[in-house]
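Model the full assembly from the supplied sequences, consistent with the hints where possible.
One line per chain: the protein sequences are A and B, in this order.
Numbered according to numbering that gives the first Met the number 0, the first sequence spans residues 0 to 423.
Numbered according to numbering that gives the first Met the number 0, the second sequence spans residues 0 to 423.
To be clear, the hints were calculated from the coordinates, so they are not data collected in a lab.
A couple of the hints might just be wrong.
The list makes no distinction among identical chains, and a pair is therefore deemed to hold if it is satisfied within one copy or across any two copies.
[Claimed, not checked] Subject to a maximum C-alpha distance of 35 Å in a straight line, what follows is the list of computed DSBU-like cross-link-like pairs (lysine-lysine):
id, residue 1, residue 2
1, Lys2, Lys240
2, Lys130, Lys2
3, Lys389, Lys168
4, Lys38, Lys365
5, Lys179, Lys389
6, Lys168, Lys303
7, Lys80, Lys13
8, Lys80, Lys38
9, Lys80, Lys55
2 protein chains.
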Amino acid sequence: MNKLALKGNIVYAKDRDKLEIHEDSYMFVEDGKLVAISKTLDKSYKDYDLIDHSGKLIIPGFVDLHLHAPQYPNRGLGLDKELIPWLDTYTFPEESKYGDMEYSKKVFIRLINELWRLGTTRAVVFASVHKESAELLLDMFMESGLGAYVGKVNMDRNTAPEITEDTRKSIEETEEILKKYRDKSSLVKPIITPRFAPTCTEELMGALGDLALEYDAAVQSHLNENKDEVIWVEELFPESKNYASVYDQYNLFGQTKTVMAHCIYNTDEEIELMAKNGVYAAHCPYSNYNLSSGIMPVRKFLDKGVAVGLASDISGGNSLSMMSIIGGTVQASKMKWLDTDKELKPLSFSEAFYLATKGGGSFFGKVGSFEEGYEFDALVIDDGDLADIKDLTIEERIQKVIYIGDDRNIVERYVRGEKIEKPF
Amino acid sequence: MNKLALKGNIVYAKDRDKLEIHEDSYMFVEDGKLVAISKTLDKSYKDYDLIDHSGKLIIPGFVDLHLHAPQYPNRGLGLDKELIPWLDTYTFPEESKYGDMEYSKKVFIRLINELWRLGTTRAVVFASVHKESAELLLDMFMESGLGAYVGKVNMDRNTAPEITEDTRKSIEETEEILKKYRDKSSLVKPIITPRFAPTCTEELMGALGDLALEYDAAVQSHLNENKDEVIWVEELFPESKNYASVYDQYNLFGQTKTVMAHCIYNTDEEIELMAKNGVYAAHCPYSNYNLSSGIMPVRKFLDKGVAVGLASDISGGNSLSMMSIIGGTVQASKMKWLDTDKELKPLSFSEAFYLATKGGGSFFGKVGSFEEGYEFDALVIDDGDLADIKDLTIEERIQKVIYIGDDRNIVERYVRGEKIEKPF
Chain A
0 MNKLALKGNI VYAKDRDKLE IHEDSYMFVE DGKLVAISKT LDKSYKDYDL
50 IDHSGKLIIP GFVDLHLHAP QYPNRGLGLD KELIPWLDTY TFPEESKYGD
100 MEYSKKVFIR LINELWRLGT TRAVVFASVH KESAELLLDM FMESGLGAYV
150 GKVNMDRNTA PEITEDTRKS IEETEEILKK YRDKSSLVKP IITPRFAPTC
200 TEELMGALGD LALEYDAAVQ SHLNENKDEV IWVEELFPES KNYASVYDQY
250 NLFGQTKTVM AHCIYNTDEE IELMAKNGVY AAHCPYSNYN LSSGIMPVRK
300 FLDKGVAVGL ASDISGGNSL SMMSIIGGTV QASKMKWLDT DKELKPLSFS
350 EAFYLATKGG GSFFGKVGSF EEGYEFDALV IDDGDLADIK DLTIEERIQK
400 VIYIGDDRNI VERYVRGEKI EKPF
Chain B
0 MNKLALKGNI VYAKDRDKLE IHEDSYMFVE DGKLVAISKT LDKSYKDYDL
50 IDHSGKLIIP GFVDLHLHAP QYPNRGLGLD KELIPWLDTY TFPEESKYGD
100 MEYSKKVFIR LINELWRLGT TRAVVFASVH KESAELLLDM FMESGLGAYV
150 GKVNMDRNTA PEITEDTRKS IEETEEILKK YRDKSSLVKP IITPRFAPTC
200 TEELMGALGD LALEYDAAVQ SHLNENKDEV IWVEELFPES KNYASVYDQY
250 NLFGQTKTVM AHCIYNTDEE IELMAKNGVY AAHCPYSNYN LSSGIMPVRK
300 FLDKGVAVGL ASDISGGNSL SMMSIIGGTV QASKMKWLDT DKELKPLSFS
350 EAFYLATKGG GSFFGKVGSF EEGYEFDALV IDDGDLADIK DLTIEERIQK
400 VIYIGDDRNI VERYVRGEKI EKPF
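Below, the structure is given as structure tokens:
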């Protein structure tokens, strides 16, 4: 049995409203799960391996609830367009390259190494339409030790010809992946991934919903990102009440565990349906800036009881750093507060920290917090270069490192109690 | 005579609308000034020292047009408040510490090292009210080799008692600094710095305007950052037409070289006065997010012919990186575009790059571009870790490194033709 005791300044968010802080304390981990936090190391813990990080900060690993692996090479490029022309001009051409396994591997090595470097211990990931490439990505995440949901994209219309799938083949390949990977790893799982309603026929979505139910598989897609997209969905699905109900009618909206990216233009009815069905929202502030999409009214979703996490959404988003995205989330919420005539209160630091850890982590189960029974995903942070001028509280130190630090401050990463080294 | 030839991929913005790109070319520098760019190294340049950065990017150094040196220790802290309570709770208490020269030095070492690390080769800087500390900062910038305007802050009302100045003493000390430093260095200059209208009596502003004219000294202050502040100024100066005219009536608004930070809530009349008087606007997107101030309509200022530069505004701003602020500027302009019903066109990448180099650089003279006769401030960028997956154009490479790179990509820094090493 793997028994660890980590000593340091322990910080996590059990609830949104405040950070839990255990200064100079011990965390005890058995078989990857947290069993206790204590100020002292009494003899009942004498057979635990002690890792002493006295003076450093220990926080939960970050969770990125939405990103596109094959768009990694496009990061920082082509941010002069809105969603639909951006997809056509930059994204679909890049995604069409992933029939090439050598290219896939080259990209995925860099992506997974960078997720590791930035302290993202769990991620929910779009692959491309290519089955073999998606399987490679599943295999590579397993090898890395990081946790992930990885989805082969399904799309059979309204996209570039070279990545438009045959409907039957798309369904069959998806089922093959589900069969092959559903029990292969408890850390890395397949996820059903209709790209978004406009690129999926009703036949395809119907079959994917059936697969979700049959295999109790998770689902990810996009929802209400851009006004033109919302109008397009209305035209394509004239009989649906709204965008969310398109997914809902095909059992792709919370009938199994589901996450929807963006959710900027949800109606109140759509927000309430997400809360009712337990559908997660992945908030992607930098992507939403870059593609001129808008700002998601996160406060409204939280008030109505929707589960929310944060996400990079590369390469619509330029930054893969959840530290940076926590800051961007607070900032975006302040602009939303002004936009709404001070109706939607800005998110506090602890709220954004919660969303990047336990908020998104709960999509993976008991992940993203240091409560008893939680899987021990953690980052050890050395903020010595930031905290040496004046005396700071632990809470001030964690704010400072998130707002102005970077991956250089992360010195160790753990997933389920295992220390993870650079994967590739 | 110092004669340099630098080889590499040369990128700069002469105008806002496009980047000038000289692939695999030579730049010739004599006595700190650029004399020519050429594809070949002919024998007329045989007595130039060749520095070969083939394959790398060479761009102008960045210019930060507004930052507060004594707020450096507060970076990333206290971003849960709006301007006025933020000043009272976090900023004024920190700024009251700079009577202590040991503390001042400790902070300024870190600040100047970090500006250097991040590729900011010129900065326009607020010190605190403390004369000795401001002089230390002037001396330390001179020692560093970076270019700067540094201003001792003037404020004689409406602030914390320990940093409220006696009006006469504030004026006298300002004049002493002007006399002592105006001819000491051509790279580092004093600048007259009324904090902002609400903390300055009319007597103080009147005397500062007189000093500006007498010594032909530059001026910096704040303008229209926050709605409550604007209302406060209206109450304090009921006879002034608007906020800008308060400064204008005291010869602090373009009568000598002047820069005003923020400019979010300027009326059209105020924007036109800035254009007419040649007053610079320093756009501080991250600060304006963090303090819930709003988004400056930069496009409107550019259309009306106002000179605009970019700025970190630490510690209202959390990031001191101009690379990050270029990205933030484009992003903020996209949100402004949505806010104005698509009236104010978003800034392009080249526009934001221009603002961070030549836009702000022109406040220092012929700075921020690689045109003939310009002072040679430059950064050598190694983007090898970002550009190795697919073939990119030089323009794509520069976008990528600005949007997703960081200081680790900067391998050399030049100011006026001198290579600058880590200052302290």
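inquiry  = Hint by hint, where does the structure go against what was stated? Just the numbers, ascending.
reply    = The structure breaks hints 1, 2, 6; every other hint is satisfied.
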